[in-house]
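Residue numbers (this note's numbering): 1 to 134.
Possibly wrong hints are sitting among the right ones.
[As the list claims (entries may be wrong)] So the derived label-pair ranges between C-beta atoms look like this:
id	residue 1	residue 2	range
1	111	66	11 to 21 Å
2	64	36	15 to 25 Å
3	109	69	29 to 39 Å
4	6	31	26 to 36 Å
It should be emphasised that the hints constitute simulated quantities derived from the structure, not laboratory data.
Even glycine gets a Cβ: it sits at the ideal position worked out from N, Cα and C.
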Amino acid sequence: MLRIDRACYEAIVDHARRDHPDEACGVVAGPAGSDRPERFIPMENAERSPTFYRFDPMEQLRIWREMDDRDEEPVVIYHSHTATEAFPSRTDISLAGEPGAHYVLASTRESDQTEFRSFRIVDGVVTEEPVEIV
1 MLRIDRACYE AIVDHARRDH PDEACGVVAG PAGSDRPERF IPMENAERSP TFYRFDPMEQ
61 LRIWREMDDR DEEPVVIYHS HTATEAFPSR TDISLAGEPG AHYVLASTRE SDQTEFRSFR
121 IVDGVVTEEP VEIV
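When you get a sec, could you build the whole thing from the sequences and use the hints?
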């Protein structure tokens with residue numbers, strides 16, 4: 001189960017809405033080993049695309065080093081889908097490289113609501129998990 005505070009949830013949704021029609025992406029860091037998403041870190045979609053996202057390699061390196069320095073890890077890795085449901089694509093699954101992370105998708109395909117779902121992706125196997133907003 002992903003337990004996420006309302007401020008982080010709203011920040012992800014706001015980022016997804018703000019970047020629409022392009023996909024938004026980023027992470028929510030938390031203390032290493034805690035499974036507690038605490039620090040929202042929006043990132044630039046280097047692709048600037050409505051159908052694909054990619055972290056900018058230099059930005060990702062800087063953020064991952066910063067997390068290391070703060071004894072944090074990426075608890076949530078999120079991105080948005082702009083025209084499809086909030087479910088990992090084949091590309092999303094193939095690029096999932098953090099087996100301990102919650103992979104959150106926010107779909108902005110409907111203008112009046114945002115579908116928000118979380119998954120674990122390990123060795124290509126996708127498992128949806130409940131989301132509790134606290």
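Could you see if the CB distance from residue 6 to residue 31 stays within 26 to 36 Å? violated, 19 Å
Confirm or reject the claim that residue 64 and residue 36 have a C-beta distance inside 15 to 25 Å. Holds: the Cβ-Cβ distance is about 18 Å, inside 15 to 25 Å.
Whether the CB-CB distance between residue 111 and residue 66 falls inside 11 to 21 Å: violated, 35 Å
Could one say that the CB atoms of residue 109 and residue 69 fall in the range 29 to 39 Å? holds, 38 Å
Going down the numbered hints, you'll see the structure goes against 1 and 4, while the others check out.
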